[in-house]
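> Here the structure of chain A is known, so what remains is to put chain B in place on it, guided by the hints.
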Amino acid sequence: MTETIAMGQAARPTSGLAALAGREVRRYLRNPVFLAGVVFTALAVKSWHPGRVQEIGTISAYPAIFLGGSGLIAAFWLTQSTRRSAEALDVTPTTPQARTAAICAVAIVPFALGWLSFGIFVRIQPLDGVWRYGAFSSSDRMAVLVSQIVVPTLGGPLLGIALARWVRFPGTAIVAFLFLYGWVSLISILAWAHSNSLPFVMLRFFAPFTFFTLTDGPHNVDTWRGSPWFFVGWQLGLCAVAVTVALLRGADGRRQRRLVQVLIAAAAVTVLMYALTVTGGWNHPVMSHLGQAPVPIGHSPHPTNR
Amino acid sequence: MAAVLLRAVPWPAVSGITAVAVVTGAGGFAWPGGAQILFPIAFALLAGAAAFVLDEPASAVVDVTPTGRARRTAVRALALLVPLGAGTALVLAGALRAVKLPWPAVGLALAGSVLLGFAIACVARRYSGEPGTQASAAAAFVLIIPGFLPFVAQWVRPFPVTGPHPGGPSSTTFWSIAGCVCLAAIAASVPELRRRRSP
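Taken in sequence, the protein lines are chains A and B.
At position 2 of the first sequence the residue is numbered 2 (the numbering used here), and the sequence of numbers has no breaks.
At position 52 of the second sequence the residue is numbered 358 (the numbering used here), and the sequence of numbers has no breaks.
Isolated chain A, as found in the complex (with noise of 0.2 Å):
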């Protein structure tokens, strides 16, 4: 008998958790900006045409613009609209962090669209032998691919249950999501602009988002300064730092301390990730040309528009 007990308190908290999960995830596909976001995805993935693109960037930005946009604006609403019911959540068995992780279990299924995405992309625009990706190794090429495609899906989410745990003016997630795509449309101008210098190279990395080629003229590609890999270990930091930001929220005691000292170690893995992007990869910007070896920016005999 104390076995069956012993069996039933260790079984409880999990089967609550995936109990809480499924509900939230239930109701996060039902919300309308989200739909919309992947009406907007999938209208975005039908006008992809293999042969037509001559830069990667210009359209694998869209499932992280729709599929991580409209994912902060729902999991902000969806974490909100919880805050109304917390009197009567507060006297239930479950702990704020056990609904704040089921909350972050919804986070799943945009990012499960956005590999959909990564998929049908590699599948119309092949990873290996085309100039299209710039000076790129083909690890690297999958690289700046998830970190376009995959990652923002999954740290829109995210963001978007953080700053709802901790911020209560009801007008953030729009703000938020307007900053982001405004702060990254100003550093990729600015990165295009020094491309060779540190400082916009830094600025460049201090996104959620970065581009890593730019189309110079007519079958040229430029590639920019930066890991691509380090890029999507600095974005995986961002997305755990989110996730222990709100789980804080309402933690208190021995899990309050526990929930600082995860939240110090992902910040420390974050900045070094950080670091590492800036200083990794090409250590300064080239233009690829269509059959030819990649060649610094600024010793190109092609004619740029620059």
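Wrong hints could be hidden among the right ones.
What the hints assert, rightly or not - Beyond 10 Å from chain A on every Cβ pair, some chain B residues (computed): (1) Ala308; (2) Ala364; (3) Arg375; (4) Arg377; (5) Thr478.
Unchecked claim - List time: in silico SDA-like cross-link candidates among lysine to any residue, alpha-carbon distance up to 20 Å: (6) A:Lys46 - B:Trp461; (7) A:Lys46 - A:Pro126; (8) A:Lys46 - B:Pro456; (9) A:Lys46 - A:Trp166; (10) B:Lys406 - B:Gly333; (11) A:Lys46 - B:Ala459; (12) A:Lys46 - A:Ala36; (13) A:Lys46 - B:Phe457; (14) A:Lys46 - B:Leu455; (15) B:Lys406 - B:Leu455; (16) A:Lys46 - B:Pro452; (17) B:Lys406 - B:Gly339; (18) B:Lys406 - B:Ala490; (19) A:Lys46 - B:Gly453; (20) A:Lys46 - B:Gln460; (21) B:Lys406 - A:Ala36; (22) A:Lys46 - B:Val458; (23) B:Lys406 - A:Leu186; (24) A:Lys46 - B:Val462; (25) B:Lys406 - B:Ser476; (26) A:Lys46 - A:Ala112; (27) B:Lys406 - B:Pro456; (28) A:Lys46 - A:Pro93; (29) A:Lys46 - B:Phe454.
Since the hints were derived computationally from the structure, they do not count as laboratory data.
None of the values given here were measured: they were computed from a predicted structure.
For every residue, glycine included, the Cβ atom is placed at its ideal position computed from N, Cα and C.
Below, chain B without anything else, positioned relative to chain A:
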């Protein structure tokens, strides 16, 4: 009565988002090259601010009071002066600083953006007491996302372009049509006006 109704407007959300929009738009003056990016974002934020004007946490009580939906909507629409006024200040400042944009068309885009946010909120208010978050997201999507989808960007142009015209209807044409649709949506979302039209 109007003062009481206006007191219920979620001013922190409306003025907070408007303030962020002003800072964003002002960034376009600090760096004129970024005006073409920052102004559309500022307008999307102003549309988001307009979308929060109808939020009513106590909607279950307020919706059954004798003050009709039309009157409440009309009074709360006065709060649109905040995003509209801030946007007008941005447009005037941009025109005075000679930032290269077609300012009359930008002014129309500003009015259209604010009207769009409010119209979406009016429609969503029929189904929810606090439509702000959803309506602001929808408005931002309508204003920002067409730029990413070439087949949509050809027809939906929420912000005027500088340089050679890429074809398709201009921003002014788009907002002339979209403005009429928004006004019709607002009228259709108010029960009293619907009843008056169909006796």
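> Look at each hint and say if it fits the structure.
Here is how each hint holds up against the structure:
no., hint, verdict
1, Ala308, "holds, 24 Å"
2, Ala364, "holds, 12 Å"
3, Arg375, "holds, 22 Å"
4, Arg377, "holds, 24 Å"
5, Thr478, "holds, 24 Å"
6, A:Lys46 - B:Trp461, "holds, 18 Å"
7, A:Lys46 - A:Pro126, "holds, 17 Å"
8, A:Lys46 - B:Pro456, "holds, 12 Å"
9, A:Lys46 - A:Trp166, "violated, 38 Å"
10, B:Lys406 - B:Gly333, "holds, 15 Å"
11, A:Lys46 - B:Ala459, "holds, 16 Å"
12, A:Lys46 - A:Ala36, "holds, 15 Å"
13, A:Lys46 - B:Phe457, "holds, 11 Å"
14, A:Lys46 - B:Leu455, "holds, 11 Å"
15, B:Lys406 - B:Leu455, "violated, 25 Å"
16, A:Lys46 - B:Pro452, "holds, 15 Å"
17, B:Lys406 - B:Gly339, "holds, 9 Å"
18, B:Lys406 - B:Ala490, "violated, 34 Å"
19, A:Lys46 - B:Gly453, "holds, 16 Å"
20, A:Lys46 - B:Gln460, "holds, 17 Å"
21, B:Lys406 - A:Ala36, "violated, 34 Å"
22, A:Lys46 - B:Val458, "holds, 13 Å"
23, B:Lys406 - A:Leu186, "holds, 18 Å"
24, A:Lys46 - B:Val462, "holds, 19 Å"
25, B:Lys406 - B:Ser476, "holds, 17 Å"
26, A:Lys46 - A:Ala112, "holds, 18 Å"
27, B:Lys406 - B:Pro456, "violated, 24 Å"
28, A:Lys46 - A:Pro93, "violated, 46 Å"
29, A:Lys46 - B:Phe454, "holds, 13 Å"
In this structure, the earlier hints numbered 9, 15, 18, 21, 27, 28 are contradicted, and the remaining ones agree with it.
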